[in-house]
Each structure stands twice: as C-alpha cells, then as structure tokens.
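Novice: Listed in order, the protein sequences are those of chains A and B.
The first sequence lines up with residues 1 to 682 when you count with UniProt numbering.
The second sequence lines up with residues 1 to 682 when you count with UniProt numbering.
Simulated from the structure, these hints should not be mistaken for lab results.
Only a predicted model underlies this, so the values are computations on that prediction, with no experimental measurement involved.
Just so it is clear, CB atoms sit at the ideal spot from N, CA and C, and this is done for glycine as well.
Since no wrong hints were added, every one of them can be taken at face value.
Computed cross-link-like contacts, DSS-like style, restricted to lysine-lysine with a CA-CA straight-line distance of at most 25 angstroms:
#1 K551(B) <-> K397(B)
#2 K145(A) <-> K397(B)
#3 K145(A) <-> K399(B)
#4 K59(A) <-> K14(A)
#5 K551(B) <-> K376(B)
#6 K145(B) <-> K399(A)
#7 K551(B) <-> K145(A)
#8 K588(A) <-> K556(A)
#9 K167(B) <-> K167(A)
#10 K167(B) <-> K164(A)
#11 K145(A) <-> K376(B)
#12 K551(B) <-> K399(B)
#13 K164(A) <-> K145(A)
#14 K145(A) <-> K186(A)
#15 K376(B) <-> K588(B)
#16 K164(B) <-> K164(A)
#17 K556(A) <-> K399(A)
#18 K145(B) <-> K551(A)
#19 K376(A) <-> K145(B)
#20 K145(B) <-> K397(A)
#21 K551(A) <-> K588(A)
#22 K164(B) <-> K167(A)
#23 K588(B) <-> K556(B)
Residues from chain B shown here face chain A by an in silico Cβ test under 8 angstroms; the list is partial:
#24 D149
#25 Q174
#26 T197
#27 P199
#28 L314
#29 E320
#30 P325
#31 A327
#32 L328
#33 S331
Protein chains: 2
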Amino acid sequence: MTTDALVVFTPTGKRGRFPVGTPILTAARQLGVDLDSVCGGRGICSKCQITPSYGEFAKHGVTVSEDALSAWNAVEQRYKDKRGLIDGRRLGCQATVQGDVVIDVPPESQVHKQVVRKRAEARDITMNPSTRLFYVEVEQPDMHKPSGDMERLITALEEQWQIKGVKTDLHILQQLQPVLRKGDWKVTVAVHLGDDTHPPKIMHIWPGYYDGTVYGLAVDLGSTTIAAHLCDLKTGEVVASSGVMNPQIRFGEDLMSRVSYAMMNSGGDQEMTAAVREGMNALFTQIATEAEIDKALIVDAVFVCNPVMHHLFLGIDPFELGQAPFALATSNAMSLRAVELDLNIHPAARVYLLPCIAGHVGADAAAVALSEAPDKSEDLVLVVDVGTNAEILLGNKDKVLACSSPTGPAFEGAQISSGQRAAPGAIERVEINPETKEPRFQVIGSDLWSDEEGFDLSIATTGITGICGSGIIEALAEMRMAGLLDASGLIGSAEQTGTTRCIQDGRTHSYVLWDGSANGEPVITVTNGDVRAIQMAKAALYSGARLLMDKLEVDKVDRVVLAGAFGAHISAKHAMVLGMIPDCTLEKVTSAGNAAGTGARIALLNTDARSEIEETVRQIEKIETAVEARFQEHFVNASAMPNAVDPFPILNSLVDLPDVSFNSGGGDATEGSGRRRRRRRG
Amino acid sequence: MTTDALVVFTPTGKRGRFPVGTPILTAARQLGVDLDSVCGGRGICSKCQITPSYGEFAKHGVTVSEDALSAWNAVEQRYKDKRGLIDGRRLGCQATVQGDVVIDVPPESQVHKQVVRKRAEARDITMNPSTRLFYVEVEQPDMHKPSGDMERLITALEEQWQIKGVKTDLHILQQLQPVLRKGDWKVTVAVHLGDDTHPPKIMHIWPGYYDGTVYGLAVDLGSTTIAAHLCDLKTGEVVASSGVMNPQIRFGEDLMSRVSYAMMNSGGDQEMTAAVREGMNALFTQIATEAEIDKALIVDAVFVCNPVMHHLFLGIDPFELGQAPFALATSNAMSLRAVELDLNIHPAARVYLLPCIAGHVGADAAAVALSEAPDKSEDLVLVVDVGTNAEILLGNKDKVLACSSPTGPAFEGAQISSGQRAAPGAIERVEINPETKEPRFQVIGSDLWSDEEGFDLSIATTGITGICGSGIIEALAEMRMAGLLDASGLIGSAEQTGTTRCIQDGRTHSYVLWDGSANGEPVITVTNGDVRAIQMAKAALYSGARLLMDKLEVDKVDRVVLAGAFGAHISAKHAMVLGMIPDCTLEKVTSAGNAAGTGARIALLNTDARSEIEETVRQIEKIETAVEARFQEHFVNASAMPNAVDPFPILNSLVDLPDVSFNSGGGDATEGSGRRRRRRRG
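For reference, chain A alone in the conformation it holds in the complex:
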C-alpha cells in the first residue's frame, strides 16, 4: 500500500490510487477520465498531453512534490524537439506516477471536448464524432495458424482498443495487404464507431502512424441554396464553409413548382435528383479545394432539408407531398452510404439525414429543434424558422408541438414591387419620423443611414436597388407606427397622412421610400400590393404559432427564437408591430441564425445527438394546419396589424400604434388621419 500514490484529475475531480510507475494514461483509462490517445500509449501521437500541477491543493487534500511524476524521458524529448510541446506539458503515456499528483487534462487532450457556441442560450456541442483514428500493431501471418490479414487487424482493434465486431467494405480489403506490409504491420485506421443498427466499420487505413485527421460535412440543403460546413472530426472546428445555388432552381423557384415539374414531366423527378446531387458534388469539390484536403478524407456527412428536398435528394418522386394527406415516403432518420447517393466524397462515407417531423415539417425543422432544443427549455419557447414555408415549434421540456405554415416567398423579397434578395444595394433597415413622415434607411453594403454624411459615397458602387425582406418588414412597421398605414393594411393618401410621399397608385396608395429617378435610378415605393403580400405571409406565420398556442392552451409565450437567415436580420420590435410573432418581451426575441445548419453540425460532431433528436421528433406532436378549422379564423384575425382580436400588451407598452383607418368606403379615413391615441397599457 505504501507504494501507491493518489492521482487526482482535473477538471473532472476523478481520483484513484495507483502503484508507483503507473503511466498517467493508464491511470486515466482506469478511472474513465477522458484522455485522448491515437497510438495507444506508444509515445507516437502526443494526443495524451497533460499538465501536472505542483504544490498544496487543499481542495483535493493533496500536496504535490516536484518529483511526483517520473523524469522527462527520451520519448518526450524527441517529441518536443520535433513537434514542440507547451511548457509544463507532459505526455500522459510516458510520465509515470511517483507520488501524489494533480493532473489537468486540457481540452485539446479530451476526446469529448466541448465546442463552444457563441450564443448565451445555446448549449455547447460535446464532441462525440462517428469516426475516430486508432493506431494498431497487427500480428503477422503464420502458416501454422492461418487467418486473414483482415481478421488479425480486427483482432488487434479488439485487443488494443476494445472495439468489437468491426466490419469493412471491399475497398479496404482491396488495399489492406500492401498497406499492412508498407507499415511493417503497424497501421492507423479510421473507424466509424457504428450505432444501434450498424456495426463499427473501418473507413480508411494508412501505413504506420497517420498524423492527420478525418472530416465531416454538415449540409443544409435548401430549396434556394445548398450550404456546407466542412468540420474536423477531431477538433470539431469548421475548417471551411461554402454554398452554391441549388441547381434545381431551373426547374422551379419554389417547392410546389418543383413538385409540379415532377408531375408534369416524365422523369422530371430524376432530372431534379441528378441536378441536386451534381450541385452538391460541385460544392464538395469546391470546399475540399478551399480547405486543401483530399475529398476521400470526408468520411461522414449530415444533411438537413425540407421534405421535398429530402425526397428529391434521395431519388423519391415528391408527388405525394404535393397533395393531402402529404404522405412522406419515409419519415425516420436515414443512414446511407455516400456511394448510394452518387456523392463524390469517401465512397463508404456515411450519410445521415435527420428525421422528418411531418409531410410539411422536414429534417430542417428537426435540425432547428436539435439546435434550439425547445424540448429542454424550462420556459415556453416559440421557435420560428422563416423561409418560403415557416416551420414552427412551440413548447418546453414537457411538450413540443410543431407545424408548418405556407408563408410564401414575400419575406424573402419576392412578390414585393421593389423587392429583391438580401444583397448589396438592398434597403435592409428603415426608420420613418412620425412627425415629418420622412424616412431614412440603411442599405446592405453600408453602415451609414441614408441621412448621414458620406452615405452617397458609401453606396456609390452598389446603388440603391430595391428592398429586401427585413427592409420591407421595417418599412411597413414604421409606416404603421407613423400613421401612414392602418391596422387593416391600407396606406393613406397624401391628404390623409399629410405627406406627399403617399401617392396615388391606381385605386390605392403607395409610399415613396426613395426616389432615385433624378439620377436615372429606381423609385422605390411600398405599394398597397406589397402590404397585402406581407399581410398574407405574416398572417400565415402568426396563425400557425397561434394554433400551436391553442393546442397548448396558452395565450402567451416566454421566448421567441427566430431561425433562418431572414430571422437573423429582422427587428423584433418591427416584427411584433406587424403581428408576425406573438406579443413578447423584446429582449426575449432572439435570433438563432442558421439553426438548421447548426443542427446539422451538432449531429455531425456528436452522434449521441442523432438518437436524441430521433427520440425528440418521435415525441413532438405534429399539427397539420391545413385541416385545423381554427387556422382560418386565426389567419383572418392575423391579417390585421398587429391583430384584430389578440391583444399585444407588451408591444402596446412600448409603442403607440396610431388608431388610423384609411378605408376609403367609410368616413373614418380622414377622421382617423393623423390622430393618435395612447392605448391603455396592460
């Protein structure tokens, strides 16, 4: 007993007594401390770096003397000379216990390290990748005990790494024999560790010790763009990101036009399948080139997408998704091999598709759920992913509901007279002075407001070309707050509003946001048609959310999370003025950015998250808006801005919405003009 020493690991606090001479790596393994190693303690890989601490540790009840670890040895010195080693670091497989000691395992030496996410409310990602590297020494063949080289490699993995029942594809068998001999029976293998239904599988093999990493792709396959993040499966780091237009756009801008294309054209679905796979392969080539890596090192990929994209990507005719009852061919998560999808990454690479929630609520919504985790929220959170369809999740740790609502493309700038995609030159922020009714705005590409000095110069190259989705939301909300737009969605005339910016436009009125005609540039107006388009979109979005609130029997939510690129740029106050989202404390309305893409990245880096989201999706209650009688009622009420019946007490405590009405049929128009009434708070 006197030869045993106490070893305390931080940050876990795990501790145990070990005989003098025990390597730190061995001690860590026996205690279940997460200390990495690829070479299995042979002093080759240096992944097991640790930092011993010396002195008094009252907290642990230990005093660590200077000679608590064995002296610096030749293997460590060689490694340091060749590769460098941070001062104070030791190799855990070389340093042995000599006395009581406190050992810190730095994050980079942990297999299951945390990848930090920036947002306060977002959970960090715990690394648990599908595929890891293992260095093994394989027994040589013996005529007296004939067994295949593969069987001896499998035995080595089992004996040296406790990985049982490893399988392999033919491509590994085809290169195994020369690689084993080139490495003198020492090889590094990348092993996909498998899951409930798949055994572990050898993905790659290198002669000797391979001092590199393997990669995975997190892919957000959108109707418009395909975005991919290339991640290091060792560190979790995003090493390159890139996006391309979805080549299916030539078959139809939106989902339903693509479904129609498949219905109207024999083989149309196959054309679109080929197109999206080609686009994806171009993207993967591009991203690998950018990261300067061999595409064959990409051994895992996670895809998120809506149901139509999901089916077309898999080569399934989306016909049934175009009509009630919107039956998915398959709703479960899918685990495939890259070669089955003609993807040009590692041929045996695994491809994981998150489960679909329902016929209109796809794997992208599941990915949002994984990223934003409403099912783990203490408070009631509404998560909205705004795109051509809005996917809506509402719930907390007790229950989560989901639905989809057909918002149409207005939020993306389509169907808007001066609308455009969010690109340089587009008006993205708007303010209207409630007294003068004069606007000022910001344009993508410039940080200056249009009334600030230097603005003209700052937009000289881009010009002012149109208004994007977030811009139109702000414009409408500002018009509403300035008394230029009434609750029903009518723009007032110049007489009614007192500004010549309100101009006659056929039978309705428009508001001139910017007149560039003097310089031969566009006149950018907000027309009553624009208001109608946004009204339809926001009513669809709100009534979907409201329907879920009905189902949960609540009339307010604690938080709102806006996901999607659009959500990232939207102003919470303006959205609420329009009644896009339910009434909520402004600080509780946050943006999650591309939450679907983040969900894909989580599922890529942490395989536990896959079964987790599969279980979550099974638990989510799906609501089909199309067959819910109250949806229509909510929709009609939500056409008003903010709403015909739902009170918005928090909003009303923050802003005064003029009680104007510009209905030309009634006498209220002039009466209401310019009149402002302070609503009761409450």
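For this one, chain A is given, so just place chain B on it according to the hints.
Specialist: Just chain B now, kept in the frame of chain A:
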C-alpha cells in the same frame, strides 16, 4: 373447457386444445407447428393447405368425426375453382376446429421442408432460405398522425408478421409510394430475414398479393469453369443449371499462372476481376433466360471458390497467395451486396461467400465440408476434392483436419501424352487381360466395350480421340495388375512383358492402348512420361492425406469420399492400386459429385448452415503441407504404386499385384517378368 377440442398435428405430433372455431392455421402457429402462410390467414395465398384425417387414431388417442372441421367455405371453393386443390385438402386459415381432429401438414405446406439428397450418406437439406414473401395490409397515411409510408409498412410487418427492425435500401423507397397506392395499401414484400450482423431487409415489393417466388444462385467459381444453380427459394428446387468457362483462362490456365499475371502486369488483377465478373454476369443472364425469370427476382447468391478465385472475384490482388506464408486478405465468410461486385442480379441481392480455411484451402473446401460434414461423422472419413489442387479433409465428429496438396493438372488429362478433357471420344474405362495383356476400353459417348459388337458403329461420330483423367488411372492400374508396369513406375519391354503392345519409346517403353493409324486415326499409348505425371499427382494427393493421418495418429481411415467431377468417374479399386488414396474397404469409397457446388446450394437454401460452416471452419485444424517435414518423406514413399512403405492390406486381399521390376540397370527385370506371387492377406 367443454368447448375446447384437441388438435394433433402430424408428422410432428405436436398437440393442444383449442376453442371451437379456432382456425387450424392459428392453432398451428400457437403450437409452433411449421405451417406456411404468405397472406397471413386471409385466404389468398393457399400456402397453408392441410389434410384432416378422420376415424380412430389409437396412437394419438383421438377419434375424429366427419364434422371435426368447419364445413367447406366460399373462400376455399373459390380457390379450388380457380386454382384447384388436391382432394381432401383444406385451407388451414379457413377450416376451423369443431371437434377433436388430426391434421397432417404436407411437405409443400412446410416452410422448413426437407429437400431430399439422393446419396445414402448425405444429409437432406432443411429449407431455411434467407428471403421469404409476406403479404401485408398497410395503414393509410393520416395527417393527424404523420409518419412515412415506409414506417407504416415496417409497422405492418412487425404487427402482422412479428418481423422487427426491418430496413430497406433506397431503391425500395423510390418505388414504395406508387406500389402501395396501386395495391390499395395491400402489398407483398420479399424480406431478407437478416443474420447476426444484418437486420432484416425489404428486397422487393409488389402491389397486392404476389403469387410468385424469389430465387437464389449457388455458384461454384472454379479456375476453369463457373457453374451456377438457380434455385427457387420457396421450394428449394433447382430450376436451372448452367456453366461457362472462366474467362480468366486467357490470363493463365492454372492458378499460379494467374497470380503471376497479376504480378507481372500492372492492373492485371483488375483485368482478371473484371473478366470473371463479366463471365458471371453472362452466365446469370443465360440461366435466367433459360428459366424464363426476371434477373431482378434473384435476391440471394452463395459463392464457393478457391482462395485465388476468391480474391480475384472480390477485386483483391492475389499477390500474397503466391508466396509463403500464403496470407489471405480475409479468411472469414463475407456478406456483400450484388451491386458491390457489379453483379447484374437484384441490386440489393445479398452475396454470401463461404469462409476460407487457409491460404491454400478455400471456400470451396469449406463447401465440401458443409456438404460432406466430416465434423458430424461417427467414423473417420477422408474427403478428397480432386482438381488442380487437391483439398483434403480428414476427421470425424471429434476433430477435422484440412490441407491442400498440389496435384497439378495430370488428373484432368493434362500433361498426359494422349490426354484430353473428359469429352466424347475420350477413353474413360480400361481393362487389360492379365494373361493376354490385351486391352479393352470404353469411350465417352458409348456404353459398349471396345471388344463388343457394334462398338465401331457407336463411336463412328466421335472417334477415339484420347484418354481422360479417369481413363489414365484405370489404364495404369490395369497395367500394374497385368504386370506391364512395376511398382516403381517403369513400363516393361515387349520381351519383359511378353506383349508387342509394349514398344520402345526412346529410353523407356510405352503401352499401345489403341492403334487407329490404319484409319488415319490416332495411336493412343501410355508412355512412361504419362506414368511419371500420374505418379507425381497421386503421390501429392496421398502424402497430403497421409500427413493428416499422422496428425491424427491413425494409419487407416474408415471411409473415403471423392468429391469433384473427376472423383465422380474414378474407380475406387484402380485408384487404390495406384495408391492414390489410403487402403480402405472398396464399398466405403464413394463419390460425392460436385460437393463444393452442393455445399453452396445448402448454404443458399438454409441460412443456418452458414453460421454452422463458419463455426466448423473455425474448428478445423489447418495443416500447411509446404512446411511439414514429413510431407516430403510421404511423397517419396507414395511415388511407388501403391506405396513403398505403407501396406495396403485390404487392397492386397482383393487383387494380386505382380511383383515385377523393370529397372533396366538391374537383373531383376527379366527375372520378375511375368512372375506373379500371391501376397499374404492381412
């Protein structure tokens, strides 16, 4: 209790009491009686036909009255009118229990029926195919409970057939939705039932009830020919058999020349892989055409082959098999998908390769072991598969040993002066009159002996073209018995033997078996070179067997099984005279025909046999002849006919081998000439 009736099933004797009104199929299932059904008792498939027996059954203690079953019903009548039904048969799902009854389940209604093998010592094959058909009714999609069509199909399989965790490939998903709707949510699916490492998998789907079957291939991939049996996976019946030359022959006649080709030519292994797969695809197309079936209905395939063929088929360079230590890339059984091997059967068809026993003892030898089951034998059996290499198994239920011995192609007629493949015109049987030294023979294509009336006419079309493997064995053995050939392998001169058929041929002598020169046809002689070639081959074969006997510490075997096409035609007595095989009671020397092919068929029809042979192969002790010192000693002794040291007591009790010696250097030649001595029996 009074409403329960006793149901006794034959042939199993399983019995139980059931409430009146219970369908026979239900009773059978509850008792675990093997009664087939594809439609699950819906009166569609008629697979559950049974035969009730009436009257007194003292053995079972039952008296069955005429009304023991419910009356013939409309479903049964409709089936009988449409498809016919054997008199006395009922549909097990329609007929219900009304009183005590004895029910016979005919073989064709059993899933696990026995497929009878003709040979007395061979075990029948119990049907347990990988893939079976199931008719299911699938729940229709419901917007309120969204789930994929595939998930509902999987649920139906679980609820209606207790098949859990079914998976599928993309190609099924791609056709699922229209098929489900075409069949009005009733479909028949072919399910591969999986194994330890593979979950069950849907292979095929048909709308409504599919009244057909699915098929499997048992393929014997030989160096010279590829032979395939197409089997009905329902009945086990061989519906077509066919063979083609192995196209690899153009790269080298024998295995080692193909290994050399791969070594000498960059990409040579890939050329040979492509060639053999192309040949196989041509064969599969041919066999499917012959059987008039769609190749996509071939959902399973089992392959047996030697290690070099195994590696080349899988696309693995056989380089290592050409040199010690003869390391296999993999020795375990392989389970692959047809698409991975570019095979043109069902794309998701499973391909099973039996395990290899050692670097020189392949999956073909494993298949022979499966067919001949030495590991289940009570007596000690020697199984010899004679080809270019002889694979040799020796053992009984306690232990089995295996080795390979390089016999070369002499047994196949190669290296023989007048040798040819076994084809019409080849001499296959020979007798030599010990007194006159005159021969008579039979030729392939005729049943007459050459001295019988009508022989000339019967061979008019073929002529007498050469001598095949079994012919040369008989010729040599007859020459040995007639005193024309001595134990050392020398043919005597005309003077020594007293016949002018022994002619001078350079420095040695030849025996003229047939002189067709008068008609411009060949002169067929047995030369001393022919004797040497057969001596080498038979010495290799015998010394391999002898080595295994040493290892088991025995000097005799109870039985000898000759496998392979050559083994099917060989005469046991003649083989023993030459000392090809150990001394053994003649009736205990039997032919197993193409045992490797049979082993493949067993593994195809009974998936249990796969794990069984995998375990057997693990238990087999492998002996590498090349490194065994005693092999050379045995080889030298076995060069004599029958053997320089091993006594052949049983053989000697049957035949008198003249104690001649034609060594021209000694004085024994004339002395021994014509002298016959009766050896002691013993």
